[in-house]
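Fit chain B with the ligands to the supplied structure of chain A, relying on the hints for placement.
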Amino acid sequence: MLKGTMAYFKGLKTTAKYLFKKPVTVEYPEVKRPVRERFRGRHELKRFANGLERCIGCSLCAAACPADAIYVVPGQNDPAKPRSAGERHAAVYEINMLRCIFCGYCEDACPTNAIVLEHQYELAFYDRRASIYTQDMLLVPVDKGHGEVPPVLQQTGKQLNPPAQIDL
Amino acid sequence: MPDMVTLTIDGQTVSVPKGTLVVEAARQVENLIPVFCYHPKMAPVGMCRMCVVKVGTPKMDPATRQPVVDADGKSVIAMMPRLQTACTTPVSEGMVVVTQDSEVEHAQRGVLEALLTSHPLDCPVCDKGGECPLQNLTMGWGPGKTRFDYNDKVHFEKPVPLGDLIYLDRERCILCARCVRFQDEIAGDPVLGFYNRGRAWHIISQSDPEFDSKFSGNTTDICPVGALTSADFRFKARVWELQPIPTVCNHCSVGCNMTFDTRSNDIKRVMPRENDAVNEIWLCDRGRFGHHFNTSKQRLTTPLVRKAGKLQEATWEEALSIVAQQLDGIRSTTGGKAIGGLAGTSLANEDLYAFQRFFRETLGSANIDHRSGSALDLPLDDAGAQYGIRSGTDLSTLGKGTVVLVFGADPEEEAPVHLLRIRGINTRGGSVITLNGRPTKLDSIAKHALRYKYGSESAILAALLKPLLDSTPADGKRATLRGFNDLVAALKGFNLDEQASGISADKLNTVAELINSAENLVIFYGRDALTAGASVPAGLANLLVMTRKAGATNSGLISLLKGANARGALDLGVRPDRGPNYAALSNAGLDAKQMLSAAREGKLKALYVAGVDPVGDNPAAAESLKKLGLLVVQELFLTETAKLADVVLPVLSVAEREGTYTNAERRVQRFRQAIRPTINARPDWQILQALANQLVSEAVLSAAGGDKSRKQTRREEDKARVRSEWTYASPAEILMDIQANVAGYKGVSYASLQGPTGQWGRQANENYYFDGTSYQNTGGLGVQLPAAVETSSIQTLQPFSVSTPASVADRPWTLVGATFLYDDGALLTDTDLLNNRKAKAVVALNPVDADKLGVKNGERVTVSSGRGSLSLPVHRTKLAPEGVVVVPVGVNNVGLVSVVEGGATPVAIRREA
Ligand code: SF4
Ligand code: SF4
Ligand code: SF4
Ligand code: SF4
Ligand code: FES
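Order-wise, the sequence lines are chains A and B.
With our numbering, the residue at position 65 of the first sequence is 65, and numbering never jumps.
With our numbering, the residue at position 477 of the second sequence is 645, and numbering never jumps.
Bound-form chain A, shown alone (with noise of 0.2 Å):
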């Protein structure tokens, strides 16, 4: 009978102990944590800071990707008013954040580092077309944009070649 109280006070201790310690829960959506530095999340493309797109529209993402979630079409840049970095651009870009296991694979496969997976995690769609996330969606706005375009890109002046050696 005593051993028994004893035990129920035993638990009650644990219980005082944390009532003063600071709580490992946080209040989400709230408050959010901060993920790791190499988590993978919402993707994102990326721009140079002159603002042109790093995406080159090459597909090579969409080969990579084991959960064939993404979608590319290809354009030609007017020279006049390029899109991207030499003679391709992406004209159409979708992933399907439903397919997309986040392996990151695209992000391995990209020659210009234009997709990244970042740290957004919240991917909820009330109906299945709003996974697809477009070009408009995953471009980021142009003042974010960081890196320049590599000497070796602007060398000839003219229409430049992205891929090879483009730095990081």
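Note that these hints are calculated values from the structure, not bench results.
Backbone N, C-alpha and C define an ideal beta-carbon position, used for all residues, glycine too.
One should not assume that every hint holds.
[Unchecked claim] Between beta-carbon pairs, the in silico distance windows are: (1) B/S898 / A/P141: 47 to 57 Å; (2) B/R431 / A/P141: 28 to 38 Å; (3) B/T895 / A/D108: 48 to 58 Å.
Okay, now just chain B with the ligands, sitting in the frame of chain A:
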């Protein structure tokens, strides 16, 4: 059997014919020697050094001239001091070849490293990426690293257009000269060349307009890198995303095998499918780029029915029941003879067979034709099937001993890939004879390039036949030739008028001798010959018979008819005078011309037109068509004829359905459905089946007018005529019906058309050699039908007579309508890339004649015949011989149709003020 040589390649012994190159010998034992510049269809040049191997030959004792033998009794091999290029070294007896060792590998790595120093490495944006030999060989043989500084690469401005169709990226070019050699050796248009030296060395176009060749697209296939890309496919998709669907080109009678490479239900490009018996691995630019009509926005998308004077959209049920009821009404009041039907030459065999069945059985009408009733129609050509090239002939193997006679034809414009094949026969040692009224490109390689005067065609043939006739011994030989005496009578007293025919009798005797001594005789004839009177195809057939080549191996006629399936239309009886398989009919119907005049007179009440455009071909036909009670048009586009129709029924295109075509060599070939239709159209045969079934159904029969007894007799007549309800579920079943009912098509089924596939001793890694992903023919090689003469023991000479054209005093010139590859036909709709190359609406006039008339380029002249006149600007060119004016057929706003009288027409020319 040619002399065989035995050699050892990497320890494997192989025997090959003498003269074989080491690289080819190695392929036979599936030993892959990597190559860039070598291509099995072209002479080797040894430019890239990728194929280096170690070669040794048995050491000879200079004194005894015997191989030196070692202690074991084996001959001693003397290795050559340096590596040799396998693509230029022919095999020799006892040769030892080493393709894999450290020395060879070192050299191969070096070649690739050097090539890559001036290569931009932009595979991700390169259209060749994924099917690129440079990528493949670098993966297999290249170094992992380079010792060169990336920033030292040569840079050229990115792609420069070589003409409208091809882009050249000079950075990517590895200077293998495959493109240059293709143009020089195979196409015979030496328009590409090298320019500059050293690192600035590059390819240029030397012609004006740039890259002026009908075969330019092939260079993009054989270029081993992405230096040449087509404007049509540029950045359309990555090659590994494409799904190649086997199909057959429907632009001309060659019937080239190709694939529609599709993605997302869209045709992205067209690639050749290897078929040595048809197109080897080539396509012409019309076939390659002219696929846009399939996906054109101008296509008809839904049935149209005329209501209140306007064509308005309707449902299929509505449109079909209107057609069925009206046809039935006419059938019951006037009988089938008041109904006519035209079905075009781009319809599949299955459609054509269903069409003639629909007319002969369901409607009880014999008025069917595959032509449009204009003055430019070709006559019905039976010789091409009766004396057609023997089944089993493969032009790509013919060479020495073969004589090719091209009579009244311009294969480059009428059937382009035949030009490549005739050139190939010439390269392999055959002889080409051209007998034409005007210059053609083949003249340059012809052993005898003879120019006759228009109108003397039958006299020329008589001059060729006469010596053969005279030399035929009087014994039993003559008895086996039916019609021999008639021919003798026809040629009695014939003497060639050298002045009027333009060719000397001696020359023709030489040609007759050459033809007579040939081992194989292949005769091509085209528009000029077909329009020169029935004696011309008959005379050509007689040439075959008299030289004992009728039905003989590798010999026969090839008739370059207009349209992909003109032969199919003739075979399957879409013509008024004969049924399927050229069966004689007791009552011939009206042909297209007669139908139009019967309509004008009000005798023809209804016309059913499928894939023909009588008004587009001859605007005057509109008058006749307006008099009809019912005009039904079954079409891809809203043609000029369709605009007048009461009911327009949209059909599916070649890419959206299945079927078969019969080409000029009478090979039946199958095309598949490449894309899902997105419009409310149906295949031709389905429409005909639906109508046929409605027309025999009780509902329609009882709704028809007329008194009761009449209806009863009619129903009985119908019952007797109509075999049963049509229950075809697919074109394959119609083909089964064809093979059961049409003797010539025996044994032709979708299974047999699938046929054997691989050729060239295919190996898994073939595209290291040939590039492109689509060469391999997985869609079947088709079946070549036997010519009638092959199976008959008695040879028949065709009725032949010599005609001399009456010269018309006040019309001293000769007008000739010529076929051009790029015309204004509906099949080039939306292929804007070819617009600049389309034939212009001009009169081609020899400069000498033009000076006589005092006209400069671009000035207008009036050309008038007994029928009418046309007015066009003049183009001064040597392509028109003196005294002849050439006007294109099938080009809008030419007015040729109201001037010509059959073939070559005497005309007067007047300079316009
Ligand atoms: S993360 Fe993986 S699954 Fe998702 S799109 Fe990229 S490659 Fe495909
Ligand atoms: S791999 Fe990179 S450059 Fe290529 S299509 Fe994908 S995102 Fe664009
Ligand atoms: S363009 Fe292509 S085919 Fe022509 S030389 Fe250069 S690499 Fe060879
Ligand atoms: S030659 Fe004739 S069949 Fe061949 S690709 Fe050209 S148009 Fe088509
Ligand atoms: S040198 Fe032999 S393939 Fe180029």
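Now for the hints, and whether the structure bears them out:
1. The given range of 47 to 57 Å is respected by B/S898 and A/P141, whose C-beta atoms sit roughly 54 Å from each other.
2. Our hint of 28 to 38 Å for B/R431 and A/P141 holds, since their Cβ atoms are close to 31 Å apart.
3. Against the hinted window of 48 to 58 Å, the Cβ-Cβ separation of B/T895 and A/D108 comes to about 56 Å, which satisfies the hint.
Going down the numbered hints, you'll see the structure goes against none, and every one checks out.
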